[in-house]
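Protein chains in written order, with UniProt numbering: chain A, 1 to 168; chain B, 1 to 168; chain C, 1 to 168.
These aren't lab readings, by the way, just hints derived from the structure by calculation.
Check each hint, because a few of them may be wrong.
Put simply, identical chains are the same to the list, so a pair is met inside one copy or across any two.
In the SDA-like style, the derived pairs of lysine to any residue whose C-alpha atoms are separated by at most 25 Å in a straight line are [what the hints assert, rightly or not]: (1) K166 / G69; (2) K168 / R53; (3) K168 / P56; (4) K166 / Q147; (5) K166 / G95; (6) K3 / A45; (7) K168 / H61; (8) K166 / A52; (9) K166 / W39; (10) K166 / M93; (11) K3 / T49; (12) K3 / P29; (13) K168 / R46; (14) K166 / D154; (15) K3 / A101; (16) K166 / A151; (17) K166 / A109; (18) K166 / A72; (19) K3 / H25; (20) K168 / M93; (21) K166 / A135; (22) K166 / N132; (23) K166 / N91; (24) K166 / L87.
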Amino acid sequence: MSKTILITGGARSGKSAIAEAQALHFGTPATYIATAQAWDAEMEARIATHRARRGPEWVTHAEPLDLVGALAATDGQGPRLVDCLTLWLTNLMLGGHDWRAAARALCDALPRQRDTVVIVTNEVGAGIVPDNALAREFRDAAGLLNQWVAATADEVFLAVAGLPLKVK
Amino acid sequence: MSKTILITGGARSGKSAIAEAQALHFGTPATYIATAQAWDAEMEARIATHRARRGPEWVTHAEPLDLVGALAATDGQGPRLVDCLTLWLTNLMLGGHDWRAAARALCDALPRQRDTVVIVTNEVGAGIVPDNALAREFRDAAGLLNQWVAATADEVFLAVAGLPLKVK
Amino acid sequence: MSKTILITGGARSGKSAIAEAQALHFGTPATYIATAQAWDAEMEARIATHRARRGPEWVTHAEPLDLVGALAATDGQGPRLVDCLTLWLTNLMLGGHDWRAAARALCDALPRQRDTVVIVTNEVGAGIVPDNALAREFRDAAGLLNQWVAATADEVFLAVAGLPLKVK
Numbered sequence: 001m002s003k004t005i006l007i008t009g010g011a012r013s014g015k016s017a018i019a020e021a022q023a024l025h026f027g028t029p030a031t032y033i034a035t036a037q038a039w040d041a042e043m044e045a046r047i048a049t050h051r052a053r054r055g056p057e058w059v060t061h062a063e064p065l066d067l068v069g070a071l072a073a074t075d076g077q078g079p080r081l082v083d084c085l086t087l088w089l090t091n092l093m094l095g096g097h098d099w100r101a102a103a104r105a106l107c108d109a110l111p112r113q114r115d116t117v118v119i120v121t122n123e124v125g126a127g128i129v130p131d132n133a134l135a136r137e138f139r140d141a142a143g144l145l146n147q148w149v150a151a152t153a154d155e156v157f158l159a160v161a162g163l164p165l166k167v168k
Numbered sequence: 001m002s003k004t005i006l007i008t009g010g011a012r013s014g015k016s017a018i019a020e021a022q023a024l025h026f027g028t029p030a031t032y033i034a035t036a037q038a039w040d041a042e043m044e045a046r047i048a049t050h051r052a053r054r055g056p057e058w059v060t061h062a063e064p065l066d067l068v069g070a071l072a073a074t075d076g077q078g079p080r081l082v083d084c085l086t087l088w089l090t091n092l093m094l095g096g097h098d099w100r101a102a103a104r105a106l107c108d109a110l111p112r113q114r115d116t117v118v119i120v121t122n123e124v125g126a127g128i129v130p131d132n133a134l135a136r137e138f139r140d141a142a143g144l145l146n147q148w149v150a151a152t153a154d155e156v157f158l159a160v161a162g163l164p165l166k167v168k
Numbered sequence: 001m002s003k004t005i006l007i008t009g010g011a012r013s014g015k016s017a018i019a020e021a022q023a024l025h026f027g028t029p030a031t032y033i034a035t036a037q038a039w040d041a042e043m044e045a046r047i048a049t050h051r052a053r054r055g056p057e058w059v060t061h062a063e064p065l066d067l068v069g070a071l072a073a074t075d076g077q078g079p080r081l082v083d084c085l086t087l088w089l090t091n092l093m094l095g096g097h098d099w100r101a102a103a104r105a106l107c108d109a110l111p112r113q114r115d116t117v118v119i120v121t122n123e124v125g126a127g128i129v130p131d132n133a134l135a136r137e138f139r140d141a142a143g144l145l146n147q148w149v150a151a152t153a154d155e156v157f158l159a160v161a162g163l164p165l166k167v168k
């Protein structure tokens, strides 16, 4: 049976490795839907590290904005891993798109998928309140997006030191 | 039976909605003890959003500093929701009050309540160490306050993506 | 039977008190392996507060860099508490040492201990992405170090408001 699974956690908490293992549990080949855009050398290095860890059982599908379209295009080909919601939100906000409408469309599309979707996101709200208004706005949006996707997900895990803690 | 219940979590982790549902479980009408003070437009908007979500079963009791007095004044009228400890601490510290004495008085008062008290607080210590000393001092105080209230609480939950994870 | 136990959590989440109780469960005297170096008055005050809480059943062994050596020197004398990994990492990085090699050596040494080792570390990755590159680099390193030690540990706990939440 196909599922929607959300993996959240802080930076370098092992979310991606947990998500990859869970996706492969639903079969191979698996599709890696990458929302990352390489804005600078640091991000390029991060993307390369993630890609190097994934094995030959993965097909990469890069899509910074149209997640619903990427899910439609890859459904029926095995499990999908969306990595990650937080970068997708960043792309939407920086591009001046309506992130709330996009989030609603995603939450509508998820229960209609035939193949499993594992989604990685970030916990960004557990530090001190940020100084600048844009960071606070992003933090609020990311928290709401996580709540909405968690509400529609079948399973939710919090990654702590590389270990999955079941929340739902 | 009445209880003290603490809900902690990061920004926009769904703490307030979880706390509201838990409080209403103990009956209606319920009293919303609001510690927020509208310092600026951003805070005013946040307060308005929270108030709009609460239904007609809620009576609002605004009290930025004297939480023990607010609990005494509202006991016997149904469950109370204190939202939130972190803003209360901010009010105490900015006003030059002795927050440790106030916290001790609160922890003494909580077990003596006849009606349930659900308390919302924030996780602020899971980010990188803040640059400025005041933010570090606040972060330390908030962490200690959370520990003290959690020690006296009957139940403690960590909100993750809108979902309650039972800690105690 | 001896164990490796990792306690992670945010600032002032009660990690040290939880770790001390767990270590003393394995016998007394217990050795407190302190990685802290007092760079300034704030850190000195923090160290003094921690020391004041520990009772006479504790022997302090200060070691900012050579954790493997400190474990070898104290094995066979009762449980050890390493407080904390994050300061050890800071010392390694600021001193220009190869923290990855040091982390691998630590993870190799831990399963070979005869006496229990309880290790305290910090969650630093659940806030907003830091502005400066050094903070991001430290955050990434701390997250990886936590994952590696958690993978070799027998038990892992997340401290939330002074309460231990079992992760492994």
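One pair to classify: K166 and L87, alpha carbons no more than 25 Å apart. Within, between, both, or neither?
within (23 Å within a copy, 29 Å between copies)
Cα distance capped at 25 Å. Does K168 pair with P56 within a copy, between copies, both, or neither?
Cα proximity of K168 and P56: none, with 31 Å in one copy and 30 Å across.
Could you figure out if K3 and H25 sit no more than 25 Å apart (CA to CA) within one copy, between two copies, both or neither?
Classified as within: same-chain Cα gap 11 Å, cross-chain 31 Å, threshold 25 Å.
Homo-oligomer pair classification [A45, K3; C-alpha up to 25 Å]
neither (31 Å within a copy, 37 Å between copies)
Go through the copies and call it for K166 and N91: within, between, both or neither, with a Cα cutoff of 25 Å.
neither (29 Å within a copy, 34 Å between copies)
Alpha-carbon proximity context of K168 and M93, limit 25 Å
neither (28 Å within a copy, 37 Å between copies)
Go through the copies and call it for K166 and A52: within, between, both or neither, with a Cα cutoff of 25 Å.
neither (27 Å within a copy, 31 Å between copies)
Between K168 and R53, at a C-alpha cutoff of 25 Å, which is it: within one copy, between copies, both, or neither?
Between copies only: 24 Å across chains, 27 Å inside a chain, cut-off 25 Å.
Treating 25 Å as the Cα threshold, decide for K3 and A101: within, between, both or neither.
within (23 Å within a copy, 40 Å between copies)
If the cut is 25 Å between Cα atoms, do K166 and M93 qualify within a copy, between copies, both or neither?
neither (30 Å within a copy, 34 Å between copies)
If the cut is 25 Å between Cα atoms, do K166 and N132 qualify within a copy, between copies, both or neither?
Intra 33 Å, inter 33 Å, cutoff 25 Å: neither.
Between copies, within a copy, both or neither: which fits K166 and G95 at Cα up to 25 Å?
Answer is neither: 34 Å inside a copy and 38 Å across each miss the 25 Å cutoff.
Going down the numbered hints, you'll see the structure goes against 1, 3, 5, 6, 7, 8, 9, 10, 11, 13, 18, 20, 21, 22, 23, while the others check out.
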